[in-house]
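Novice: Residue-level listing of the chains:
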Amino acid sequence: MTEDMTAAAIARAVNAGERKATDVLDEAYERIAATETDLGAYLQLTHDLARAQAARVDARIAAGEHLPLAGVPLALKDNMCYIGTRTTCGSKMLENWVAPYDATAVRRMLDAGAVPVGKTNMDEFAMGSSCENSALGVTRNPYDRERVPGGSSGGSAATVGAGHVPLSLGSDTGGSIREPAAFCNVVGFKPTYGRISRYGLIAFASSLDQIGPFARTVEDAALAYDVMAGFDRMDATTVDRPVEPTATALRTDLKGLRIGLVREFDPSALGTEIAALYKRSYDELKDLGATLVDVELPTAEYGLATYYLIAPAECSSNLSRFDGVRYGLRVPGATVGEMYENTRAAGFGPEVKRRILIGTYALSSGYYDAYYVKAQKARTRVAEDFARAFASCDLIASPAASSPAFRFNAKSDPYSMYLMDYYTIPMSLAGLPSLSVPCGAVTPDDGGRAMPMGLQLVAPLFGEQLLLGAAHAYERATGHANALAAVTA
Amino acid sequence: MASDGIDVRYVAKLARLALTDTELEQYGTQLGALLEHVSVLQKLDTDTIAATAQVIEARNVDRDDLVLPGLDHAAVMAGAPDPQHGFFRVPRIIASEG
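Taken in sequence, the protein lines are chains A and B. Numbering-wise (this note's numbering), the first sequence opens with residue 92 and increments by one. Numbering-wise (this note's numbering), the second sequence opens with residue 1137 and increments by one.
Chain B extracted, bound-state conformation (with noise of 0.2 Å):
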């Protein structure tokens, strides 16, 4: 496991978060220290174990492909921040980096 320092700013980067150069100090400070409280897993042998994504046994589910009714549009679009005709209005993507 590794336990050198965590590239703060390239994290928040893939986790699209803006931060302050102060707060890319004091995350780096803390999510270092937690680092240090998670390492005692390397002590645990897990070599033959198996990951558990989910603990309640569950297998893929087919049902009867019947229409049913959605949300109600207007009252989903009212919570969205910049509604146009409809849709959720978004600076221009295309000519951006994305």
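Okay, chain A solo, but in the shape it has when bound (with noise of 0.2 Å):
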């Protein structure tokens, strides 16, 4: 990627006048053109919707504005909600739902000047961590076609990787934006549960779901955050606290931070090749001026399960509103009850049905308390766990994924894939804000090209303007995403 493409630069040259975003957003359906047949990032390019809000940012440049975002082009998950398009959620059931109205993040990325491209591949209610559980199409890695992208938010991820955009935006539930992130060799940053608004975000499962953005740099994240961030009236569950702006607070250094490097996530379980790459990353880190300190979360053992309860029991409750009634398909039957029944039969893939089911169970009388309240009294552990741990640290290190990006099928028993977010599902229980960024890559197991890694890092709750600034000095001064090129034919 040139400097010339980060939204930074687009966002100065329309502000500038030197640019134009109706310009900058034909440069990027030319680039989407060029790859996307095989990527497979959008399930929409929004073309008619794009051109006219480029047109509106023109015309607001050109009445004296500054937009923080002028003309960057932007890239949905396809869970948001953005009036006049369809929001499928990757599932037959919404296959051609149109929003009739925008999910506060677009909203508030439209007033910035932002301008959506298009609405991406996730997997299936955002529940996964490969897009393969997409009921609409498949998505490619950017680094090779053989791989999966990540997931959930994994066209998302993908297309910032492939350089189509330079901003896109994704959910995370358990790991949905790091994951993918780190697959696809670029920013992607998860802030704290309630910093952002959810209304107008599908909802999986709502005490974990929070919007976040990728990016090529940090920059270009802290920017986003900071146009996203904020108490929303839609949003009961938003925090009304002032926000700590990100992109003006950029580190160069690590001087004076304690980085804590957890006992429990001992990267040489990940075999010689991986762990040597954390080793370096955490030298770089020390390199930068950072402190390293061991921590231990003794509860990471148990953040899988817990999730493994908690999420399906939300998504259980929060997918009863697709009944056949009120949005998409339904599927007729001889009473109400048979077309419920056979309406959520033939709009629900495998995974999201396997979740209802757990989370079903999990809520049903006679074991409700043995698992469900069970999980939730796990969370408080996992959750103060991390407060014990950031007494003697700012922030934490660890691997955002157990590999580089995986083959297609490669994952057939559902716990196997479940395992992919084993680091990054302690965080999103205790709600904490962290991001992956990228710190090199390695030989997959089973050959190939050489595939980006992640390093995630991780703030106390509401710590995100050190996260952030950390992680840009870091990147800064490593700059391992440019030494990898993505396949561009």
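The hints are simulated quantities; they were obtained by calculation from the structure and are not laboratory data. Even glycine gets a Cβ: it sits at the ideal position worked out from N, Cα and C.
Straight-line C-alpha distance at most 25 Å; calculated SDA-like pairs for lysine to any residue:
id, chain 1, residue 1, chain 2, residue 2
1, A, K370, A, R354
2, A, K377, A, D344
3, A, K183, B, L1150
4, A, K183, B, E1159
5, A, K183, A, V427
6, B, K1179, A, V464
7, B, K1179, A, T471
8, A, K502, A, A436
9, A, K370, A, S359
10, B, K1179, A, A461
11, A, K377, A, R567
12, A, K183, B, P1227
13, A, K111, A, L140
14, B, K1179, A, Y458
15, B, K1149, A, G440
16, B, K1179, A, R354
17, A, K370, A, T382
Just the calculated beta-carbon pair ranges, DEER-fashion:
id, chain 1, residue 1, chain 2, residue 2, range
18, B, K1179, A, K370, 28 to 34 Å
19, B, D1208, A, V464, 39 to 45 Å
20, A, K346, B, G1168, 51 to 57 Å
21, B, A1194, A, T534, 44 to 50 Å
22, B, G1168, A, T534, 34 to 40 Å
23, A, A327, B, D1218, 27 to 33 Å
Join the two chains, each given in its own frame, into one complex according to the hints.
Specialist: Dropping the structure here:
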């Protein structure tokens, strides 16, 4: 990626009158056209809406306005409502459903001058770690078409990784931004739970879901966060407290920072090449002035089990609204009950059904205390562990995923797919802001091209300024993302 | 924590999912395996621990009773599978098992 293609550079040039948003948009669509056929990042391209928005931005700049994301091409995960666009969640259930309103995050990006170019592919209802659970299309990895882009926000990661657009939005429930970011050699950032409004984000697990950006640079992710963050009266779980600006508070070193390495996340469990990669990453943090300290998360091993009770429980409740009455698909039945059952049988794919079943079971009479309440208590223990760890460090560093991008159909056993989020789920349970920043590449166990890996950084609740600041210092000093080139042919 | 087999047919009924016999068997096996994995939680002592529903402190919020515009009615109904006269039409409910 050239410097003039970052969101920051585009906004600067458009604000200065040196470039037109409409020209920037045309160039983005040219790049998309060149590689999208075999990449499959998008479920739809929104040419007409994009041209109208770009023209609006140019008119506002001509009228003397300054917009933080003036003319920046943006991709939206297809679980976010953008008025007039199909919003499918990668599901047959909503294949033809058109959003009648804008998500707050989308609205704020539009107001800031961003230009959405299309809606990206995703695991159905954001359930998955490879994009393979989409019912509507296949997305491939920009660095190796034989491999998955990660998920659930796979399309949003792939389009930024391929250099189509500088910025996209995803959602992260247990790692759905951080893992695909690692797989696609981009920055992926999940803010503190409650920092960005979920209004207009079609719900999966409401106590965990959080919107966040993908970008080629930490600065661009920070710009997007600054635009989206903050209280929204349409989402009662957004936090009503001032947002510290992040894009203007980026750091160039890590002096004075204590960075915790989690004993339970020892990368030597991931093989010698990956272990060596993370050892180098941790040394790079040290070279930038950080003090590395050991911390413990004794409940880390319970994260996955806790998550796979809480998230399905919330999903089974949230997805009960898809019953053939108000939105999308309906399959007839002799009675209204049969209509519900037939609609849901035809509309949902296997992974969604699995999670609805496990969640329904965990919430059912006689099992509620043993599963759901137990998991909520375990969640308290996980959050307490992090609070204890952050008493002795400012940030935590760990792998973002346990391997580089894997081949299609490599994880046919559901649990082996769930394990991909081992390193990201505990932070989600605790609501912590965390991101993945490119940290190099390794040769996958099954051979082929070297594939990107991500370093996860984690901050205490509301520590976005420190988190993005530190990630920027790491990115600028190491430049790992630039050492790999996406496949363009 | 109970680890005896799940009655998938009963759970599917609760979840309003019509499943084929093949699916019932397949999901029964998969959910049984998942419950084995999550049974690790039994090792974790939570006797004196409060449950966390969500991590950010939330309290009840009052707001002014303002009249604000709602969603565009026609746009909302356009997404419904069987709208009629501005309503959602459903199969007959009375005299069905509902």
